[in-house]
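2 protein chains.
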Amino acid sequence: LKISNPIQKISFIGSGNVSTHLAVAFKMKGFNIAEVYSPNLMHAEQFCVLTGGQAVENLSDIDTDTDLILIAVPDDKIEEVFHKLPVKKGIIAHTSGFTSIKVFSGSENYGVFYPLQTFTKGKTLDFSDVPFCIEANNPTTENRLQALAGTVSDHVLLINSEDRKYLHLAAVMVNNFANHIYSIADDILQTKHIDFKLLLPLIRETANKMYYLKPGNSQTGPAHRNDISTLEDHEKMLNNWPEYKKLYHLITTQIIKKYNG
Amino acid sequence: LKISNPIQKISFIGSGNVSTHLAVAFKMKGFNIAEVYSPNLMHAEQFCVLTGGQAVENLSDIDTDTDLILIAVPDDKIEEVFHKLPVKKGIIAHTSGFTSIKVFSGSENYGVFYPLQTFTKGKTLDFSDVPFCIEANNPTTENRLQALAGTVSDHVLLINSEDRKYLHLAAVMVNNFANHIYSIADDILQTKHIDFKLLLPLIRETANKMYYLKPGNSQTGPAHRNDISTLEDHEKMLNNWPEYKKLYHLITTQIIKKYNG
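Line by line, the protein sequences give chains A and B.
If you number the first sequence the way our numbering does, the last residue is 261 and the count never jumps.
If you number the second sequence the way our numbering does, the last residue is 1261 and the count never jumps.
Misleading hints may appear alongside valid ones.
Restricting the straight-line Cα-Cα distance to at most 16 Å, the calculated cross-link-like pairs of lysine to aspartate or glutamate (EDC-like) are [to be verified]:
| # | chain 1 | residue 1 | chain 2 | residue 2 |
| --- | --- | --- | --- | --- |
| 1 | A | LYS102 | A | ASP67 |
| 2 | B | LYS1257 | A | GLU79 |
| 3 | B | LYS1246 | A | GLU243 |
| 4 | A | LYS123 | B | GLU1243 |
| 5 | A | LYS236 | B | ASP1187 |
| 6 | B | LYS1258 | A | ASP154 |
| 7 | A | LYS214 | B | GLU1243 |
| 8 | B | LYS1214 | A | GLU45 |
| 9 | A | LYS192 | A | GLU205 |
| 10 | B | LYS1214 | A | GLU243 |
| 11 | A | LYS258 | B | GLU1205 |
| 12 | B | LYS1197 | A | ASP187 |
| 13 | B | LYS1257 | A | ASP187 |
| 14 | A | LYS121 | A | GLU108 |
| 15 | A | LYS257 | B | ASP1187 |
Across the chosen pairs, the derived CB separations fall in these ranges [claimed, not checked]:
| # | chain 1 | residue 1 | chain 2 | residue 2 | range |
| --- | --- | --- | --- | --- | --- |
| 16 | B | LYS1192 | A | GLU79 | 32 to 38 Å |
| 17 | A | GLN46 | B | ASN1260 | 23 to 29 Å |
| 18 | A | GLN46 | B | LEU1001 | 34 to 40 Å |
| 19 | A | THR64 | B | SER1229 | 58 to 64 Å |
| 20 | B | PRO1242 | A | ASP187 | 39 to 45 Å |
What the simulated footprint calls covered on chain A by chain B, stretch by stretch (three residues with Cβ under 8 Å from a Cβ of chain B suffice, anywhere in the stretch; the number is not a length) [unchecked claim]:
| # | region |
| --- | --- |
| 21 | 73-85 |
| 22 | 121-129 |
| 23 | 221-228 |
| 24 | 248-254 |
Simulated from the structure, these hints should not be mistaken for laboratory data.
Positions of the beta carbon are idealized from the N, C-alpha and C atoms, including for glycine.
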């Protein structure tokens, strides 16, 4: 996307994983990281070591004469942070999957810049296949945010706040819920002194399979084939973990129902 | 592992995914696939097109003068299949994570040959990082099975039937349960006409993260940060899917409890 007034100068509110990974990616593409705010000034300073730019101690001191202010803070802080910022000259956008674009109502140019990915401290990420979900309150802002996302990713899409909420819910499930299940597996194996690492190739293949098969067409296992004797035995093995047993029972019941009528 | 009497000739009982993928991998390493039995003769014949060897219509016709007969059938069929085989001269082993080695009691040389991985029809798999869990009723058989697994994999381990059952339970969780969660996400997105493929980079990164971080140290999301307002909103969004809502509630409750006391 070629546009006449591309975003060049970006400031960040928040110094967490999303913010840091985005800033580093943009810095590497030659963007100017102007200012960084964190409630913890030292965090903002550490951030600037990586990205250049100026650490700012108070939100009211943010220089809004920049092309874009990206707010990457927990959902319940976005509105509060927004209202503490001085009058906005550039674009203001947040990186949340869940929060509506309406949180910025009344501002001039605003939008959403949601990278659909999980970011881990210390683990570099290739953004090229990360979907960037863009929304804006006018076409110019939309184009500018799309063009910005397009400098780091090949998957930029427009999606409205309502649909984005469902995408975020689905993302919470495949990321946070899958991770919870991994952690249960780890808890169980630890009591038997079995290395969780043994599961890693299986975990990876289960994920990679999705590039070939829809999940509804790749379900396997004892619940899928309604193998009651294995299921009962598994539940007995979970007697020491009543919470995990409950989850085992609920999920297997759902799988049986889904695939065996 | 160098041994004096390596397995060279292998027959397969069952022509499903595990069986086919193993046979193809061994064939490529120069092993002789002798016979293949399937209750459906045509399946056994198709199998032999890939691997060579002879399709066999009746279990009682299997030539047991082979180094290894690998039984790769559903758990509840292993014992039945075993008892229908003629007197066994070579090693008899099954590929199950769940079934005890004791199922072969009374035989001379037997064991377990469990590849801890999910196998998909039509998707070639690199076995090199697949853990092979070996168990046998005597040291010679143990060595021979270990050596065989070592020809295709760098991760061969000895594990007894009791521990293997827990490993299998954990495998069912990280594979089948994670896949069920993917399918729920797909169901939700379909009703909103959002492409499930958007989640694939997230799904893959969530899996790959495990190579860097233990799952208990990489939990994130609204439940992890006890963000009640997002959780309540998500549950409302699931009102049309009472079963999925129930699962959402149970998992988020467990995550909150685990990480927020």
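Now for the hints, and whether the structure bears them out:
1. A:LYS102 <-> A:ASP67: violated (20 Å)
2. B:LYS1257 <-> A:GLU79: Distance ~28 Å between LYS1257 of chain B and GLU79 of chain A Cα, so the pair is violated.
3. B:LYS1246 <-> A:GLU243: holds (14 Å)
4. A:LYS123 <-> B:GLU1243: Roughly 36 Å between the alpha carbons, so the hint for LYS123 of chain A and GLU1243 of chain B is violated.
5. A:LYS236 <-> B:ASP1187: Status violated; Cα separation ~31 Å.
6. B:LYS1258 <-> A:ASP154: violated (37 Å)
7. A:LYS214 <-> B:GLU1243: Roughly 20 Å separates the two Cα atoms, so the pair is violated.
8. B:LYS1214 <-> A:GLU45: This hinted pair is violated, its Cα atoms lying about 29 Å apart.
9. A:LYS192 <-> A:GLU205: The hint is violated at about 24 Å.
10. B:LYS1214 <-> A:GLU243: violated (20 Å)
11. A:LYS258 <-> B:GLU1205: violated (27 Å)
12. B:LYS1197 <-> A:ASP187: Given that 16 Å is the threshold and the Cα spacing comes to 31 Å, the pair is violated.
13. B:LYS1257 <-> A:ASP187: Distance of about 15 Å is within 16 Å: holds.
14. A:LYS121 <-> A:GLU108: violated (34 Å)
15. A:LYS257 <-> B:ASP1187: holds (15 Å)
16. B:LYS1192 <-> A:GLU79: 32 to 38 Å: violated (25 Å)
17. A:GLN46 <-> B:ASN1260: 23 to 29 Å: holds (27 Å)
18. A:GLN46 <-> B:LEU1001: 34 to 40 Å: Once the Cβ atoms are compared, 49 Å apart, the range 34 to 40 Å for LEU1001 of chain B and GLN46 of chain A is violated.
19. A:THR64 <-> B:SER1229: 58 to 64 Å: violated (28 Å)
20. B:PRO1242 <-> A:ASP187: 39 to 45 Å: Given about 28 Å between the Cβ atoms, the range is violated.
21. 73-85: holds (count 3)
22. 121-129: holds (count 4)
23. 221-228: holds (count 6)
24. 248-254: holds (count 4)
In summary, the structure is inconsistent with hints 1, 2, 4, 5, 6, 7, 8, 9, 10, 11, 12, 14, 16, 18, 19, 20 from the numbered list given earlier, while agreeing with the others.
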